[in-house]
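Asks: Chains as they are written, first to last, in the UniProt record's numbering: chain W, 1 to 318; chain U, 1 to 318; chain Y, 1 to 318; chain R, 1 to 318; chain G, 1 to 318; chain C, 1 to 318.
Warning: the hint list may mix true and false statements.
Since the list gives no way to pick one copy over another, a pair counts as held whenever it fits inside one copy or between any two copies.
What the hints assert, rightly or not - The calculated lysine to any residue pairs, modelled on SDA-like cross-linking and capped at a C-alpha distance of 25 Å, are: (1) K87 with G262; (2) K177 with D279; (3) K311 with D156; (4) K69 with W261.
In short, the hints are calculated from the structure, not lab data. Predicted, not measured: the structure shown is a model, and the values here were computed from it.
Number of protein chains: 6
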Amino acid sequence: MTLINQLSSQDEIVGFYLLKELEIKQTNSTPPKDYFDIMLCDSSGQISAKYWDASATDKETFFPMGLVKIQGVAHTYRERLQVKITKIRPATEADGVSLTDFVRSAPIRPIDLIHTIQGAIASISDEEIAAIVSFCVDKVEEKLMHYPAAKMHHHDYFAGLAYHMVRMLEIGDFLCKQRPFLNSDFLKAGIILHDIAKPEEMVAQLGIVSEYSVKGKLVGHISMASNWITEAAIRLGYDLDSHKVLGLQHLVLSHHNLGEWGSPVQPQTAEAVALHHIDSLDAKMQMVEDALATTPVTEEWTPFIRGLENKAIYRLKV
Amino acid sequence: MTLINQLSSQDEIVGFYLLKELEIKQTNSTPPKDYFDIMLCDSSGQISAKYWDASATDKETFFPMGLVKIQGVAHTYRERLQVKITKIRPATEADGVSLTDFVRSAPIRPIDLIHTIQGAIASISDEEIAAIVSFCVDKVEEKLMHYPAAKMHHHDYFAGLAYHMVRMLEIGDFLCKQRPFLNSDFLKAGIILHDIAKPEEMVAQLGIVSEYSVKGKLVGHISMASNWITEAAIRLGYDLDSHKVLGLQHLVLSHHNLGEWGSPVQPQTAEAVALHHIDSLDAKMQMVEDALATTPVTEEWTPFIRGLENKAIYRLKV
Amino acid sequence: MTLINQLSSQDEIVGFYLLKELEIKQTNSTPPKDYFDIMLCDSSGQISAKYWDASATDKETFFPMGLVKIQGVAHTYRERLQVKITKIRPATEADGVSLTDFVRSAPIRPIDLIHTIQGAIASISDEEIAAIVSFCVDKVEEKLMHYPAAKMHHHDYFAGLAYHMVRMLEIGDFLCKQRPFLNSDFLKAGIILHDIAKPEEMVAQLGIVSEYSVKGKLVGHISMASNWITEAAIRLGYDLDSHKVLGLQHLVLSHHNLGEWGSPVQPQTAEAVALHHIDSLDAKMQMVEDALATTPVTEEWTPFIRGLENKAIYRLKV
Amino acid sequence: MTLINQLSSQDEIVGFYLLKELEIKQTNSTPPKDYFDIMLCDSSGQISAKYWDASATDKETFFPMGLVKIQGVAHTYRERLQVKITKIRPATEADGVSLTDFVRSAPIRPIDLIHTIQGAIASISDEEIAAIVSFCVDKVEEKLMHYPAAKMHHHDYFAGLAYHMVRMLEIGDFLCKQRPFLNSDFLKAGIILHDIAKPEEMVAQLGIVSEYSVKGKLVGHISMASNWITEAAIRLGYDLDSHKVLGLQHLVLSHHNLGEWGSPVQPQTAEAVALHHIDSLDAKMQMVEDALATTPVTEEWTPFIRGLENKAIYRLKV
Amino acid sequence: MTLINQLSSQDEIVGFYLLKELEIKQTNSTPPKDYFDIMLCDSSGQISAKYWDASATDKETFFPMGLVKIQGVAHTYRERLQVKITKIRPATEADGVSLTDFVRSAPIRPIDLIHTIQGAIASISDEEIAAIVSFCVDKVEEKLMHYPAAKMHHHDYFAGLAYHMVRMLEIGDFLCKQRPFLNSDFLKAGIILHDIAKPEEMVAQLGIVSEYSVKGKLVGHISMASNWITEAAIRLGYDLDSHKVLGLQHLVLSHHNLGEWGSPVQPQTAEAVALHHIDSLDAKMQMVEDALATTPVTEEWTPFIRGLENKAIYRLKV
Amino acid sequence: MTLINQLSSQDEIVGFYLLKELEIKQTNSTPPKDYFDIMLCDSSGQISAKYWDASATDKETFFPMGLVKIQGVAHTYRERLQVKITKIRPATEADGVSLTDFVRSAPIRPIDLIHTIQGAIASISDEEIAAIVSFCVDKVEEKLMHYPAAKMHHHDYFAGLAYHMVRMLEIGDFLCKQRPFLNSDFLKAGIILHDIAKPEEMVAQLGIVSEYSVKGKLVGHISMASNWITEAAIRLGYDLDSHKVLGLQHLVLSHHNLGEWGSPVQPQTAEAVALHHIDSLDAKMQMVEDALATTPVTEEWTPFIRGLENKAIYRLKV
């Protein structure tokens, strides 16, 4: 079975893949015929595919997010690789394949990521801060097992959000040791809460975001998280005007740094400044690491990366 | 008694004024002497003033926000009018003057403004929306009697915030009649809630903002109002995920229109688009009206107005 | 006959439509065949269509802006609805259909819109201002009966420009009552003149702009209107340096508010500030109203609207 | 007599100078005393000065734009050179000094500049274009003898505007020879007309702009020139819609290149593109030349120049 | 033989052309067939073409940058002209055609351009400056015979870079005569060096840039040229800290004027300001001249030109 | 002896301080008297001071960067604390005070910082990279003992530049462990080289930058470092086109990330992306840490920090 990121033009391809997207279209021949316009994916990447002779039965059999076995050939169309599918059938139980094997995932098991996050909460010495963080995490814990951190920009895969949190917690720990004046309770809390409402902002399955939710568009994850902190404080009986509540809301509200990037206020505490830069460092480095990992080793340049000033990354030969 | 906005250079000035600001400074003569650097104000405007021979007693007698009787003369210093105070004494009860006579105010009595706002809430047909609006207004009702709408940009005087709301409600009523597809419940609610947290964002006395509160800086009035709506829904037992709560939060969060102007989301409902433009229309027209009213009639041009692309307004002679 | 904005995929479609655009293209089959690439429209909206077997006779029979009767079926192509035409014939007199029934129009009859505009001119108390406004309106009066206000952004339909003026006059009347310091002569004149040269800036038929004129590109409607005021004053024998002429030119020149939006000067009279905000309020609200009206009721979201920060509008369910 | 741009700290200064600005102010000693805050200028530059003991007679004797003989000393105040005046008297006829000797001027006599401009008009082969240019030049010919091209940015001295035109005409001639596809009639006309309304936009005396006129602020020199071309065509009986009129208006309207720099349309003819770049080249080079000429030769760096990205110019030693 | 910029729809086309680009693609018929997607060019312009029946032999015969004789017909596809090739064969020696006849070229022979550039270097009076310029020119002299100045924006053809230099040298000579304070050694050197590293920044053949080099992307032509000046000074034994070296590096580094346009420092010497404006004037005028020359004379408007604010240029009829 | 950052209004002050700036000015009394306008500093901060009766002897005795013993009193002038000096004398050897005790310094000894940097170079496994880094460090090693990293923005004190490097090396080590795909040789080299030319860009003494050098303004530290790498490769006999040289130049050139921040190219290698974000994280956190450390503990807010969106930092009370 060929991994998608290893395909070259004219390669035969046989194996199991996920129908990430599937649309029924018509050729402009006379008479027009139905065909499937498909986005195939596996754990290594994704590729456009066509299945030209979709029968009436086929149209009842294949749907997006289904696992299939295909046979086909890769060729170049408009300067990009594409697969022409010659045979296709649904995967069956007997095939012993599982959906989650066909999507990109964080390199650490979700259960271990959650464990690390819970450990970080447990290590917060201030009880109120820890309780508010727990309240918010509980709202999305099930989704934290699989949600990506974003639709496209970074950590856009299975459990990408939890992975982003865990990596940021590592940086946060380092930074608190390097600069002891930082309040590690606030910094840990900020790292865990800053994107905590993303699972409600986006609709995702298997680490793939299909769209933003209505609430995601009208309120946004930043204000949602701020509202959740308010809710937590009310439910837990804490003072809404305390510096703890204020400090947590400020961390969440300011973490995008600028108004044009979505933050209604700018960082004005030491931990808020740290949070923004840790978030930025981790997201950008992950973009680089993922782009290099999913680009065939024979390519010198990755594709353009929107989050990095739309630049490609080069592999220096040293 | 001369109104401040009627003074010309070399005018004698005798009468009661408010010490809006007062600072003790030292001349750079040898030896240095203490003097008062003062901002005098009355209901028509404000002017810088100096009192050169501040005695030890004077320093115990005069404080910011105190009413005084002064005698002095206006003269030009660095191209701006200034008052040199020759005599000064505190106002006494016998003088029969009242602080509120010496600050600029909305042209309608606060009690009548509040009455109009309460009437608008009563006319909201949806019970839940009305109850949430009432909950938020109750949090600041006392302050709504006197708070300005902003530190400097517009409606920066006694009861300016309530006046801004009432004028916007008038425009909103007109617009709902002109365009019946608009939901008038949401529009009224949005108008009343959009700046409702400003009294907690700013510290003001007699319509004069001295500074922003810590919460105002770290959270901001937009996110505060969003949190209040969450709190209202929890306290009143409403569904936090209903379209009513969502719609109200969206109105508040989006009313500055753009991220760089402080809104974390952009208007995406008909009423949110209307709210932003009504807010903008009323604020800008009030800037124009106030600038013309406080500029001496003999002047062709008002001062530059920061909120109007930093342009001055000209009086055409027609 | 199915209205275009009511079509769903797989719907049969039979009825009269306007060929808003028609281009002859060739398939890339061997040998290539001619087909028609068409934009169909009716009063409710527009939709892309293909007619695959265009004969030599067909190519002599069908032209853009012709009325036709078609039979076909709607289907989805690249995520957008499209019509495959199976039969097509020109409409004949016997069909009793009229071009103007097949384009979107303002909801008020053009003759009534013109009447309202003339009434507004008649209500201008200053004779010179009224005469200058009349002079400019006379230049385009015939076109005012049907011109849209823009190519795409807002009021882009039959008599859209006159409708925009009339709605703005209503807001202007309200505002002059709310804020009596405004000069209603100038405000009315500004509303009528601000886009008065648009019919010379754009080439339009039946409310549909096909392109900008050479003069529209090289001079622009703002400077054209300013030149017309100069011309009016010369022809009518008025003083070119009077505050009336100056005030009118300023209204026209400044109504886009900022240089990057096309205004060489920024608003510096009370009426110019009002004009810009009335224009903006009316245009934006119309975008919202039209987007909601032309989006199928079953859709929660309208398409993205460029003039509203490229956001879609959501229908809250309350 | 010491030239202002040759002064060093502690230099004695005796001679005739112009009171470019004079304001009566008061010291903050007790009692305060009147003094003159003065801007002295001569043909080489300008410098701030103080005259500390202004008597009642002095206040009746000295006014802005008057010629005086002074005695004083230069010293450094807040890192800038300043003159302390010890003696001052008005210049008399007997002194044989003339105002125009005390202001900076273009290096060519105004009469010769005008002559060159008239020659350029005479060389325009198209009669209509030449006549329109003449009509506009006639409106300001007297002012063209002495007006600066701007308040501060470039050519801000006696006859600076005419000098700017003449230099641009030289570049234009060169460019038409280098690139014969350019229409030299249009280019000459554009060069002469592009800033032709500046004398009506600004109020200036002896090459010094004191302020912008009301018309300058409300209409601006670009739209004024466009209106003048309309007026010229009407008065001369030319077709307002001809490509000649259109081409001239386009040149004037587009010469600032971008909306944010004041042009309502962008250059869209070959000559309009050329005009903008010739204007820019000449203005920038003159800023450099003037900054170097008015900075003492002992200084390596000129002051910061706003029009050159706020950079200073360095004298390389080669 | 028809020149490409003279083609109209339905024209027969027979003659020799260059295969500027050639890609093998597949039709989406069943079974799919191979075809060539081609960009044809000659000295007058370029045009898209299709060759629908590519045999196995064809695929071994035709490659990008090969000369061919074709027969075909022009037709409109998606509003743009395209050629359907019916016959194609490689050009042979017997045909007597040469590659260089089929690409656009500067209007002056490369050898003459180089001669002019060498003459300019010889006229630099300062020996060290002349030697450094020579050193850098020697690095690319062979490429200077044919390299374009840019991938698309301006002078994007055979010997375009040398042509740009020569034209700028002419403007520089004129400007040094008009403003004698300019140092003509520095200005000539700056003109020759400013884009001298472009041949190493881009990969080009026959005046056509196919891509940027790795070094071009990671270092850029501006820093490369600065490094070359360092290298020249070391190799020639000059002082790295002299004002000559400094002045040359400054010219190169600042010639894009602003950081966002790629210059790490802004112009701060007279010659650096001049260099930027001469570069800009020449590049923009060439864009205009080339756009007009390659647009069929029957067209009023050229295509949109990205480097001119994305505006098209209009041919006024005078 | 009172530390400057502990002063309050009306405090007596006696002790040794550094005259960071000293200017002789004149009072505007009659007759004017000479006084010293002084910036005092010690290791904790700096404060403005005046010495009103500067005698002729004083003017020969006191100069900038001299150590003095003063007696005086702190008072508030224009809302800022200022010192009025009553007695002043130069420090003598007998006083046993040393200049370096009176300037702010990095919290680690310079010799230890240099030691750490040399250790990092020694740990670079690639010999060529290590040698190039050494070559560049050797150019400024003496200055690295005391130079600040910037004039004002961050690390603006004694040995601030070396301290910045060392802290970044710590973050770099952490990041290479967290993300092993990073090339630690390049990252270490990039950290050490990115600001290596700053000591030649700025003129500084005791950690205080007085101005930028001519080379600093005309070339800038980024291009200087790039040139040094070229020089190193030539002197050491390495291939100028190797990926090692290219990679190092790219790191230096791109580390400001955007053109408008001074980088002619954007980061396009993994290590270049990392370098920019490590630089940013360390600089911003240091701004926060230093602002909190130098603001009296009784103050809730630090002053506004230009490098942090001009926001102040708040001390939460938790």
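Asks: Going back to the hint list, which numbers does this structure go against?
Replies: Hints 1, 4 contradicted; others consistent.
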